[in-house]
Amino acid sequence: MKRAVVLAWQYLRLAVMNELQYRMNFVIQLFETAIALVTALVVLSLVYAQTDSLGGWSRYELQALLGIYTVLSAVVRFSIQPNIERLMTDIQKGTFDYVLVKPIDAQIQISIREVRVWQSIDIIAGAAILLDALFRLGVTVTFGQVLLFGLTLTLGIILIYTIWLLMSCIAFWVVRVDNIFELFDNIASAGRLPVDIYPRWMRVILTYLVPMAFAVTVPAQVIIGRINMSNVAIQAAVTLGFFVVTRFVWTKALVRYNGASA
Amino acid sequence: MRLLWDIYRKMVMTSALQMLQYRLGNLFSLLGMVFEPMIYLVMWSALANENGGSIAGYTAGNLAAYYIAWTLVRQWNIALAPFGFEQRVREGGLTPVLLRPLHPFHYDMAGFIALRIVGTLYWIPIGVALWWLFSPVYPGGWLTLVIFAVSLVLSFLMRFVLVYALGMVSFWTTRVSAIFNLYFAVETILSGRLVPQALLPEWAQRIANVLPFRWSFGFPIEVIIGKLTLPEMVLGLGIQLGWLAVATVLFVVGWNAGIKRYSAVGA
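Line by line, the protein sequences give chains A and B.
Numbering follows this note's numbering, in which position 235 of the first sequence is assigned residue number 239; successive positions increment by one, without gaps.
Numbering follows this note's numbering, in which position 125 of the second sequence is assigned residue number 166; successive positions increment by one, without gaps.
Since the hints were made in silico from the structure, they are not lab data.
As the structure is a prediction and not an experimental result, all values here were calculated from the model.
The beta-carbon is built from N, C-alpha and C at its ideal position, and this holds for glycine as well.
Chain B regions said to be covered by chain A (calculated; three or more residues, Cβ under 8 Å): (1) 66-75; (2) 80-86; (3) 89-98; (4) 222-228; (5) 232-243.
Looking from chain B toward chain A, a few residues come up when the C-beta cut is under 8 Å (computed): (6) R216; (7) S218; (8) A219.
Start from the sequences and build out the full structure, keeping to the hints where you can.
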């Protein structure tokens with residue numbers, strides 16, 4: 005485990021050093037983040053120009069949720085997505101061989117190899133929206149709340165990671181899976197709204213099948229002080245379930261892999 | 042002209058058959074596309090309900106009709122992303138296409154017409170399912186349907202040429218993602234994709250009216266859900282034609298100036 009951490013750190017360091025050569029990319033990412041944020045905030049103000057509460061969520065409560073959504077989807081683009089994409093190419097080209105011959109657990113390796121450094125800007129921007137919302141709401145956040153928030157957010161990240169990995173395991177059986185990711189990405193964007201405002205059949209999908217919305221809603225409820233312990237419990241259970249299933253499928257998938265040009 | 046027609050017919054056929062090979066993949070990407078409007082629909086319906094049943098003249102049934110029509114219009118709106126064109130310029134992929142007997146535009150156009158046909162076929166069952174799930178309210182009527190069909194085709198043509206013209210920027214700079222993303226962000230808000238035109242503030246509606254985005258997206262939807270009078274519909278069709286002409290001029294000018302700068306990078 006210690007080796008894994010050291011290795012992850014080295015990969016991160018290399019990625020940062022590499023990206024610092026292209027500083028123009030920083031400016032471009034900054035501009036794109038700004039566009040995305042402005043769009044999201046415009047929508048928010050459009051909605052709340054018509055009402056003060058959407059499904060029981062006030063404007064700044066929803067902004068807090070949006071901040072968490074921004075952070076989580078930026079984490080996906082920062083680390084999860086690039087790693088999975090690299091895994092896909094490796095499987096298609098047979099270069100996955102190089103992972104297998106290295107002395108560290110293959111799942112750990114393929115999860116830490118890639119980092120998209122500039123996406124960290126989006127993580128910061130999301131955090132800023134969240135803080136701004138909390139400030140405007142004027143809520144007092146207790147230490148326990150912060151802990152629970154950290155826990156649910158981490159669970160959410162693990163959950164999303166396991167689902168991405170689970171989907172990519174399909175590539176060991178059928179090689180073309182990009183459409184599945186596209187579908188997942190679209191469903192994940194449902195996370196911009198709290199999961200409780202969706203109709204029942206959508207809520208089931210968004211909680212148990214593609215739980216991005218759920219992963220966003222639970223920490224949001226915690227931080228704005230509407231803690232719903234049964235949701236926290238469901239999230240922990242779903243995360244654990246997905247984690248175990250993914251690990252199982254992954255070991256099956258490794259056996260299935262038959263190497264370069266085979 | 043006759044030759045062009047024959048070539049188009051053959052190319053559309055071939056591409057359509059090619060696309061039909063990936064049945065499951067097509068279904069997945071279409072399902073994904075359907076999910077986005079469902080989010081908006083849920084959001085605005087929740088608002089309409091809290092507002093006593095309707096919002097800016099839209100009842101829950103109107104909104105359902107709006108976003109179900111949305112899924113079809115979106116299907117027809119897909120164009121060659123300027124990112125794709127930028128890649129061709131950057132990596133030199135344009136070079137072999139230039140050697141073909143027809144202008145590269147025609148090959149892309151034929152491919153996207155095929156996509157329309159395949160996409161509409163796949164859309165039908167999904168449209169039925171959505172109808173059953175969300176019970177939309179349509180006024181119906183043959184005239185509305187005909188005008189809708191015409192405006193749908195025009196929206197495809199004008200957006201396709203416009204976005205293609207935007208791709209011409211790649212001849213001058215390959216750092217284009219920021220420009221394109223800005224364009225699409227403005228389009229998302231002002232086209233009616235995110236929110237029906239009537240729900241925008243007054244001043245934003247005025248801006249939306251003079252920009253092309255609304256005419257390639259929101260307009261056909263408003264036609265089919267019966268939000269427009271006959272003169273408004275006819276005027277809208279005229280504006281669509283106008284934008285198609287403007288887009289064509291932009292494209293031709295951009296192409297002629299840009300192709301001289303093209304140096305087959307990386308080839």
